[in-house]
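Undergrad: Those letters in the sequence shown? Residues 1 to 479, per our numbering, in order.
These are computed hints drawn from the structure, not numbers from a lab.
In this text, a Cβ means the ideal position worked out from N, Cα and C, and glycines have one as well.
Hints may contain errors.
[Said to hold, decoys possible] BS3-like mimics (lysine-lysine), calculated; alpha carbons at most 27 Å apart, straight line:
1) K340 x K285
2) K368 x K64
3) K349 x K368
4) K132 x K368
5) K317 x K64
6) K64 x K401
7) K132 x K64
8) K317 x K401
9) K317 x K132
10) K401 x K349
11) K340 x K368
12) K401 x K368
13) K340 x K317
14) K349 x K285
[What the hints assert, rightly or not] Beta-carbon label-pair distances, calculated as ranges:
15) R289 x N103: 44 to 54 Å
16) K132 x G328: 26 to 36 Å
17) H403 x D426: 38 to 48 Å
18) N434 x E405: 47 to 57 Å
19) A397 x R80: 37 to 47 Å
20) R240 x Q321: 28 to 38 Å
21) R256 x A397: 15 to 25 Å
22) T180 x I402: 39 to 49 Å
23) E162 x E405: 15 to 25 Å
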Amino acid sequence: MRSPDAAQIRHARSAEPRRSKVAGAAPFALTFLGGAGTVTGSKYLLEMPDARVLVDCGLFQGFKQLRLRNWAPFPIAPERLDAVVLTHAHLDHSGYLPLLVRNGFSGPILSTEATRDLCAILLPDSGYLQEKDAEFANRHGFSKHRPALPLYTRADAEASLERFAPVAFGQECPIGRSLTVRFLPAGHILGAAIVEFVHGSTRLVFSGDLGRADSPTMLDPTPIPEADYLLVESTYGDRRHEPRDPEDALAEVITRTAARGGTVLVPAFAVGRAQTLLYHLQRLKASGRIPDLPVFLDSPMAIDASELLCRHLNAHKLTEQECRISCGVARYVRAVEESKALNTNPVPKVIISASGMATGGRVLHHLKRLAPDPRNTVLFAGFQAGGTRGAALVAGAERVKIHGEYFPVRAEIDNLSMLSAHADSDEILGWLRNFERPPALTFITHGEPVGSDVLRHRIEEELGWNCRIPEHGETVALP
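Turn these sequences into a full structure, and let the hints guide you.
TA: Next up, the structure:
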């Protein structure tokens with residue numbers, strides 16, 4: 001949400017390294033347009049003589065210098081792309097699609113069916129929120145830009161949905177004359193996929209965001225036996241998830257907060273994390289391990305995503321009955337007036353509201369009211385990217401800026417990293433050990449610099465593989 005001035009556009013353009021020419025007659029050339037050196041903005045351009053494919057089309061989030069890239073001209077004319085292939089629906093992988101389509105892309109957007117359905121919720125909501133944030137900034141005058149404009153609108157997002165062409169898990173889908181793509185379950189969230197491309201005898205695999213083995217709700221990541229080239233995410237490349245049971249941790253935080261008369265506010269990703277939290281809360285309530293507090297799911301998008309869980313039973317581990325029971329533990333809050341009323345209700349409660357890193361949405365209004373009160377708890381549930389409010393709060397910020405104003409932080413702040421939907425370092429290595437032979441080259445992507453480098457070192461030392469951490473804007477020929 002901004003109307004960037006000329007200097008900012010020049011800065012954004014200068015942040016895009018010059019693309020090198022594709023060398024020789026290699027079947028593949030791969031350009032890293034996002035998800036390199038950062039966990040956001042995933043975009044990988046795959047080029048060959050008869051096809052150009054963009055793998056993921058995500059928004060940059062977090063630090064301002066990253067967000068400015070969303071406003072820079074796309075490095076290739078969108079109309080020159082033959083297809084977009086999505087690993088999953090999260091906005092850091094799909095959120096740039098409305099802009100790509102508005103600027104001329106007219107090919108198919110290939111994804112799993114559940115990813116298509118989730119994008120039908122996420123993308124219009126993203127456009128709507130950007131419009132509302134711009135309107136709020138203009139009304140209250142806290143933006144530096146006159147007027148503040150959204151990056152794209154809800155109408156742009158709805159237009160992009162017409163380009164989706166869903167593909168079933170395991171089905172081979174042709175792109176151009178000589179390329180095929182196949183989606184395999186990755187876990188992580190509903191519909192998330194590992195993407196396998198085959199061109200002649202060359203196989204290129206994108207891990208997407210890998211889920212966790214033995215998740216109680218999501219499918220396990222599919223074992224992959226071979227690839228000539230591999231892109232693997234490294235969000236938690238330098239960390240191991242706390243081995244503690246998430247229900248034990250949740251029970252302690254909720255019981256402790258309720259005892260002092262406070263409310264637990266959970267900024268949660270509307271797609272994936274919110275549904276996992278409902279599953280655990282239902283189990284805790286049913287077993288009597290937490291006080292019988294009211295639970296509110298205050299996110300229309302999360303409500304819609306929860307209902308999709310019950311429709312895509314082949315994309316997760318829960319039965320239809322388990323889905324219905326889990327989703328029924330919360331009172332759904334759709335109306336704005338009811339959402340506002342939650343902040344004036346003194347009764348101890350649990351509020352689950354998007355977004356997961358506190359970058360936008362209704363959770364910001366709850367933070368303004370609840371963070372200054374030491375009786376309350378703000379409970380994060382996974383990775384917080386650098387430059388987000390979530391990262392600042394988890395790091396101990398004593399005040400937080402929301403809508404142009406600073407608010408004191410006196411509430412308890414906690415982060416249950418074991419609730420993350422991302423595989424940690426050990427789990428990534430476990431998935432890689434399924435390969436029957438090493439890829440010729442493995443690219444470590446979608447991670448912050450330390451996480452990517454630690455994972456690179458582990459893969460080289462423990463598996464003996466040839467690894468590389470690509471730079472943003474770099475083009476690599478894959479012979």
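Undergrad: If a hint holds in the structure, say so; if it does not, say that too.
TA: Hints and how they fare:
no.	hint	result
1	K340 x K285	25 Å, holds
2	K368 x K64	22 Å, holds
3	K349 x K368	17 Å, holds
4	K132 x K368	18 Å, holds
5	K317 x K64	38 Å, violated
6	K64 x K401	14 Å, holds
7	K132 x K64	20 Å, holds
8	K317 x K401	39 Å, violated
9	K317 x K132	36 Å, violated
10	K401 x K349	25 Å, holds
11	K340 x K368	12 Å, holds
12	K401 x K368	9 Å, holds
13	K340 x K317	35 Å, violated
14	K349 x K285	13 Å, holds
15	R289 x N103: 44 to 54 Å	51 Å, holds
16	K132 x G328: 26 to 36 Å	29 Å, holds
17	H403 x D426: 38 to 48 Å	40 Å, holds
18	N434 x E405: 47 to 57 Å	50 Å, holds
19	A397 x R80: 37 to 47 Å	44 Å, holds
20	R240 x Q321: 28 to 38 Å	34 Å, holds
21	R256 x A397: 15 to 25 Å	21 Å, holds
22	T180 x I402: 39 to 49 Å	47 Å, holds
23	E162 x E405: 15 to 25 Å	39 Å, violated
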